[in-house]
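There are 2 protein chains.
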Amino acid sequence: MSIYLHDIPLSQAQARIREALQDANLWCLLGTETIPLDENALGRVTTEPIWALVSSPHYHASAMDGFAIIAENTNGAQPSSPISFVLEVNSAQYVDTGDPLPEWANAVIPIENVESLDHNYQITKDIRGPKSIRIRAAVPPWSHVRPLGEDIVATQLVLPAGHTLRPADLGAIAASGHQNIAVARKPKVAILPTGSELVPIGSKLKSGDILEYNSLVMAAQIKTMGGEPIRYPITKDNFDSICERVQEAVQTHDLVLLNAGSSAGAEDFSAKVVEKLGTLLVHGVAVRPGHPVILGVIARSRVAATKQSPTHKEIASGEIAPRNDMVPILGVPGYPVSAALTVDIFVEPIIAKWLGRRPHELPTEMATLTRKLVSPAGDDDYVRVAVGKVGDKLLAAPLSRGAGVITSLVQADGLALIPSGVQGLEAGEQVKVHLYRSKAEIEKTIFCIGSHDMTLDLLAQFLAEHDRRFASANVGSQGGLVALRRGEAHLAGSHLLNPVTGEYNISYIRQYMPNIPVKVIALVGRDQGLIVKQGNPRGIKNLGDLSSKNVQFMNRQRGAGTRVLLDYQLNLMGMSSDSILGYAQEEYTHLGVAAAIASGRADCGLGIAAAAQALDLDFVPLFQERYDLVIPKQFTDDDLLAPLFELLTDRGFQEAVSQLKGYDVSVMGTVILED
Amino acid sequence: MSIYLHDIPLSQAQARIREALQDANLWCLLGTETIPLDENALGRVTTEPIWALVSSPHYHASAMDGFAIIAENTNGAQPSSPISFVLEVNSAQYVDTGDPLPEWANAVIPIENVESLDHNYQITKDIRGPKSIRIRAAVPPWSHVRPLGEDIVATQLVLPAGHTLRPADLGAIAASGHQNIAVARKPKVAILPTGSELVPIGSKLKSGDILEYNSLVMAAQIKTMGGEPIRYPITKDNFDSICERVQEAVQTHDLVLLNAGSSAGAEDFSAKVVEKLGTLLVHGVAVRPGHPVILGVIARSRVAATKQSPTHKEIASGEIAPRNDMVPILGVPGYPVSAALTVDIFVEPIIAKWLGRRPHELPTEMATLTRKLVSPAGDDDYVRVAVGKVGDKLLAAPLSRGAGVITSLVQADGLALIPSGVQGLEAGEQVKVHLYRSKAEIEKTIFCIGSHDMTLDLLAQFLAEHDRRFASANVGSQGGLVALRRGEAHLAGSHLLNPVTGEYNISYIRQYMPNIPVKVIALVGRDQGLIVKQGNPRGIKNLGDLSSKNVQFMNRQRGAGTRVLLDYQLNLMGMSSDSILGYAQEEYTHLGVAAAIASGRADCGLGIAAAAQALDLDFVPLFQERYDLVIPKQFTDDDLLAPLFELLTDRGFQEAVSQLKGYDVSVMGTVILED
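Top line first, the protein sequences correspond to chains C and A. Note that the numbering used here has the first sequence beginning at 323, numbered continuously upward. Note that the numbering used here has the second sequence beginning at 323, numbered continuously upward.
Derived from the structure by calculation, the hints contain no laboratory data. Computed from a predicted structure; not experimentally measured. Built from N, CA and C at the ideal position, the CB exists for glycine as well. It cannot be assumed that every hint is accurate.
The list that follows gives simulated cross-link-like pairs (lysine-lysine, BS3-like), each with its CA atoms no further than 30 Å apart [stated by the list, open to error]:
(1) C:761 x A:594
(2) C:711 x A:594
(3) A:675 x C:545
(4) C:453 x A:675
(5) A:594 x C:545
A short list of chain C residues far from chain A (calculated; beta carbon distances all over 12 Å) [stated by the list, open to error]:
(6) 364
(7) 413
(8) 493
(9) 536
(10) 543
(11) 562
(12) 600
(13) 602
(14) 715
(15) 724
(16) 940
(17) 963
According to the in silico footprint, chain A covers these stretches of chain C (three or more CB under 8 Å from chain A) [unchecked claim]:
(18) 369-382
(19) 418-425
(20) 606-619
(21) 825-833
(22) 905-915
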C-alpha cells in the first residue's frame, strides 16, 4: 500500500522554505524596475527611499487671491482708521493664489478684506497705479503666504522604501520633483493545473469531470498580492508531461504553483516530480484545510540561465534583477479551499518579501463561538466563520468545514484559527477571528439561522439594496430555535409542523425558547410534493399512488420536517407506511432525494419544488406548508432589522418570490404570534 | 470687486447633485457588460444575482482515495473481527478522490484504513477481482462522500448583485457553471487640469510654475474607486479653450472633473464655463479643505448623442448602457489636499452608485486629540491626523492643515471630522477618526514628537525594515517635552541649550516634565553654522565677521533654539547684537533663513547644513549642538521601542547618518541621563 505523506508543523514548514530561499539568495527583494510616475504606479512598492529633489512650493507663494504688501506698513490699521496703499512696487501688488510673492513683500491681504478706492476698475494682475486700495486691519508678517518648502523641503524623505503606493503618494512624489520611480519587479508566478479529471470552466459536465477553477482563484490571489500570475493549460496525470511542464515553467518564472497531485494517492505525482527535478523540502504540513502541501526548489537549467543572464551593469542599474538559479515550487492541494488557504499561508509571505513590503495582515477581533468545534490536536486549524453582532455580542458561527466547499470561503466573514495543541473549543468560548470584512460591514449584518429556504436568498439580494447584509446559516428549524434561545442570531426561519394539532412552529417555540418573548411572522407558503422523473412516467398523482402503483419511494431521515409532514398526512389518510415500497430508505436532504430519483434508484420522494428543479425533475405539488420567521422581541424594534420588515410588505419583493416555483406569497407579513 | 462664491452646507450640496442625477436618470447603475470569467474580473462589481447553473459536485463524489463499499455491509467489523470484501461490483471498488461513487455504493473507506489481503499488488483504479481487502471498523452511510450539491445546488444564489469580486468568488462562480459574468461598466471619468501656471511633472521649475500632479492623484483615486480615468493635457486659463475642452470631454465621458479655477478670482473660469455649457447647481460648499467646489450638469450635444445612441435591443441585452443626455461636471479646487478630499467626498458616492456597490467606508475609532483644534463653526472640517497608541491611549495628532500640503495626506493615518456646528475641540477631547491604516499597523507605530531633524527620516527608513512605523510630529523641542508630560508620544527629539550652563536638555526636562522619570540618549552631534551664498562671496568665516564686514544678517525668531545658540555664543565672545546688521530681521524656520539668502535679501544667517543644502547654498560650520532623544521610563522596556534602541548601536544606521552633511555620530547611543 502507498505510504502516506508525513505532516510537519506549520511553523517548521515555513522555516524550511525560508531557509531554502535564504540559501538560494532569494529571501530578499527580487528585483527593481523604474517606471514612469503615472496612475499605473498605484499599488506598486517602492524599493528605495524617495528623497525630495525640489522644495514645494519652491518659492514663497501667495496662498490667496489678494494684495501683496509689507506687513509692517499695515500696523495701526483699524475699522475706524483705515490705511491706503497705492498699487505699486514696495506698496501693494495684486497676486493670484500660487503667484510668487514679490521680493519686497512679506504678507498677502485676501481680496475680500480689501476696499477699492476707485469703483470703476476690475482687479486683475495687470493693474498698475495710480489705482489704490484701503484696508481696515493690520496683518502679521507671512499671513496668507505659503513659505518656500511649506510642503516639501528639497533633500527630505518623502517616502521610505517598501511603501505600497496610494493616490496621494503619487502626488507627493511628483511634487518633490520625480518623474520616474523605482519599484519592486512583480514576481512572475506560474500556475500549473494538473489532473486527468479536470475540464476547463464552461465545459459541459459528465460524471467524474471536475471544473478546473483553482488556477483562476490562485491567479486572482497572486494578482491581489502584487504578483504577475501566468495560468498554464491543464496537464493530464502523466509523470513525464508534468515534469516537462514544470521544467518549462521554471525557466521563466520566479515561483511555480503545481496544483493537485500533492497527496500520496496512485496518481499524485507532484512529490515525485519535485524530487526528480530538484529538492523536496516538505511533503505534508499539519494545517487544515490543506495538509498535503509540498515545498521544494528546482534549479533552472544552466543553458537557459546563461542565455538570459543580464550583465553586471544591468543588474547594478536595477533595471534587471539578477537571475537566480533556484526556483521555489509549491505543490498545492486540490480541494479549492485548501488551495486558496495554502496560497494565503505560504505564498503571501514570499511575495511580500520579494516585493519588500510588509505581509498583508487581516484585522482580528475576539468573538463568541456559536457551536462546539473539534479539531485535531496536532494541526493549525483554520475554520471559516460567519461573523455578526447580535445584541452586544460579536459571534463567530462556523461554516462548512469541507475543503471542497468553495462557497464557505465566499460566505466567510473571517477565519478562526484553532492553533495546534488545542483539541477544540466549546460553544460560548472566545475565539480570535481574522476578519475579511470591516467591523462597519459586520455591524450591518442580519444574522439568520435555522431552516434554509430559497426565499432567504432573494431576501439577501433585496436587503443588499437597503444597506444590510443578510447572513443565513442552515442548521434546520429546531437548531435555529435553540440558537435563538442562546442569543446567537437575530431571527430564525422555521417550518415545524405539530403532528397532533397540524399547527406550525408555535408549540416548538414554547418548548425550545421558554420565557423568551417573540414575534412570529409568516414568510411564505411553500409547496411540498412528490419529486418524480421527467414526464412523470409512472403517472404518480398523490400519496395513495405510492401503495397502489408499486412505485419505489425514497424517504427522508427520521426527524426531518418533510418526514413529519409525510407521517402526518399518511395518518390523516389512514394509510400505513408498510404499504410504501422504500419507506425505510433514507436520504438526508431534499437534494439527496432528488438525486436518488435522477439516478434511477427510486421513482419518487417527498420534497420541495426547488430540489426537483435543480436536477431537472418533475414535481407534483400536494401540500402547502408555512415557513415563518421567528424574531425575539428584543430585536423587533432594532434599526438593523427595519428594512427586513419593510420588505415583507414590499410589492417588488413579493413579486420576485412569487416567480419562484412552488411559493405562495399571500401569507407574507402576516403576524402569527406576538408576545 | 469680484463677488465671492457662496458656501452651502455639505449635506445640501450632496443632495443637490443627487437630485440632479436623479432628474437626469443617472442616479442608478450606469450600465452593464459581460466579461469572461478570468482574473481580470477581480474587483469588478456584479450587476445581477448569480444563480447556480449546475450543482457542485454534480454527482456523489468520493472525498478520499479509498474503497467504495455499501456501509451496511461493514456492520460488525471490529479490530478483533475484520470483514473482507472482494474487489467487485456490489462489494468494493477502488476510487480516487473526486471519482464518482458507484451507484451501488454509499460510503468510502479511506485507503489508510484498509488492509490488503494480498501484498503483491499495487492499488490502482484498474484493479479487478479476485483481489480483496479487509477492514476492522464499521462505517456509517455517506462517510467520506461529498454528496451531490455539497458545495452548490443548481438554482441557488451564489452571489448577490452589487458584490465586488474577490478571488474565492471567481471560483464559486466558475463552480456554479458560469463562463462569463455581467459586471458594471466602468464609469469613464475625464480629468481636465487647467491653469496657465501649471507645468507637467518633471519640468524644470521657474518661480511661479506649479507642477501639475492633481490629475495624477485624481486619476489614481478614480482607479481605486473602480472607474476609468482619462487625463487630459493642461489647458491654459482661457475661457474659450476651457469651454472647448469641456465640450469635447462631455461627449465621451460619464463624468468630468475640471481642476482648479473653481474659486472666484480673476482667472477662475470654471463656474462661468459650467454656466455657459449647462447648469450650475452649486458653487461653494462649507467643507474644509475644499470649499470652492462646483457642481453642475452639461448636456451632450444632440448630434453626438444621436449618432452614437444604441438600439433598444442593445440596451436591453445589457451590452451597451443607455446614453444619457446629461453629464455631471465637478469643479475641483486647486490645492492638492482640497482636490483629493473633494474627489473622495463627492465622486466616490457617485461612482459607487454607478457601479451598484456600497460606498467605500473607512473604519472609525475614537481617539484623544493631542492639541486644540479651531474650526469655522459653519464648516464640516476634515483634519488630517497621525494616529498612534501611547500606553493605553489611542492618540490623534493633527498634521498640517494647509490645503497645499500634500505630504500631510501622505503622513495621515486618518481623518478627524469636526462637524459643522462645532467650533473646535480642546486638547484631550475625544474625536472620531476615520482610519486609513489598520489598528495592527497603528499599534506598531512609534510616536515621536518635538524638534525635527533629518536623522529621524533615516531612522524611519531603518525602522520600517524592523516592522515598525515611525511617525514624527514637528512641534519644536519645548513642545515635545510638554507633549511627553501629557503622555502624547513615546519619545521626543530635543536640542535645548541652557544659555547659562551651556548644557543641553536636562534643565528643560526638569522644568517641563517634573516628576516624570526619563532616559535621555544622545542621537547625533549636529553642526550649526552660517548659511551663505554659493561660493561664499563675502568670505564670511565666523561670527566676528558679522560686525566687521558689514554683511546683511538674517536672524531667527525669539525663542528659537538657533537664536538661543547665537546669543549664547555672542555672549561668550563678548560681542554685542547691536553690531550685527539685520539682527532684528526674523525668519521662522531654517529654510526661511536660507531662502532669504538665496533671494539676496541677506548675505548670511545661522542654521543647519541641511537647510543650506536644500537651496544649493554654502555652509560654514561653527558649532556643534547635541540632539537627544528623551524617552519616559515607562516606555524604555516596551517591545515596541526595542528595534529603535538596537539601531542606535547599529553600524549600518550610523554609517547612513554620517553620510549626511553636518552630522557627527560619535555620540550616538550615549546615555546622557537615566532616572
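Verdict on chain A covering the segment 369-382 of chain C, criterion of 3 CB contacts below 8 Å: holds (count 8)
Distance restraint between residue 453 of chain C and residue 675 of chain A, which requires alpha-carbon spacing of 30 Å or less: violated, 52 Å
Coverage of the segment 825-833 of chain C by chain A (three or more Cβ within 8 Å): violated (count 0)
Claimed clearance of chain A by residue 364 of chain C, with the beta carbon kept past 12 Å: Its Cβ does come within 12 Å of chain A, the nearest being 5 Å, so this is violated.
Given as non-interface: residue 493 of chain C, partner chain A, CB spacing beyond 12 Å: Violated, since 4 Å does not exceed 12 Å.
Interface-negative label, residue 562 of chain C against chain A, beta-carbon threshold 12 Å: holds, 18 Å
Given as non-interface: residue 940 of chain C, which should sit over 12 Å from chain A by C-beta: holds, 15 Å
Non-interface claim for residue 536 of chain C, where every Cβ of chain A lies beyond 12 Å: violated, 7 Å
Exclusion check [residue 715 of chain C not at the chain A interface, CB over 12 Å]: Non-interface label on residue 715 of chain C holds, nearest chain A Cβ at 20 Å vs cutoff 12 Å.
Coverage criterion applied to the segment 418-425 of chain C (partner chain A; beta-carbon cut 8 Å; 3 residues): It holds, with 6 qualifying residues against the three required.
Hint consistency between residue 675 of chain A and residue 545 of chain C [alpha-carbon to alpha-carbon, up to 30 Å]: Since the Cα atoms of residue 675 of chain A and residue 545 of chain C sit roughly 26 Å apart, the hinted pair holds (cutoff 30 Å).
Outcome, coverage of the segment 905-915 of chain C by chain A - at least 3 residues whose beta-carbon is closer than 8 Å to one in that chain: The restraint on the segment 905-915 of chain C holds, since 4 of its residues have a Cβ under 8 Å from chain A and three suffice.
In this structure, the hints that do not hold are numbers 1, 2, 4, 5, 6, 8, 9, 10, 15, 20 and 21, in rising order.
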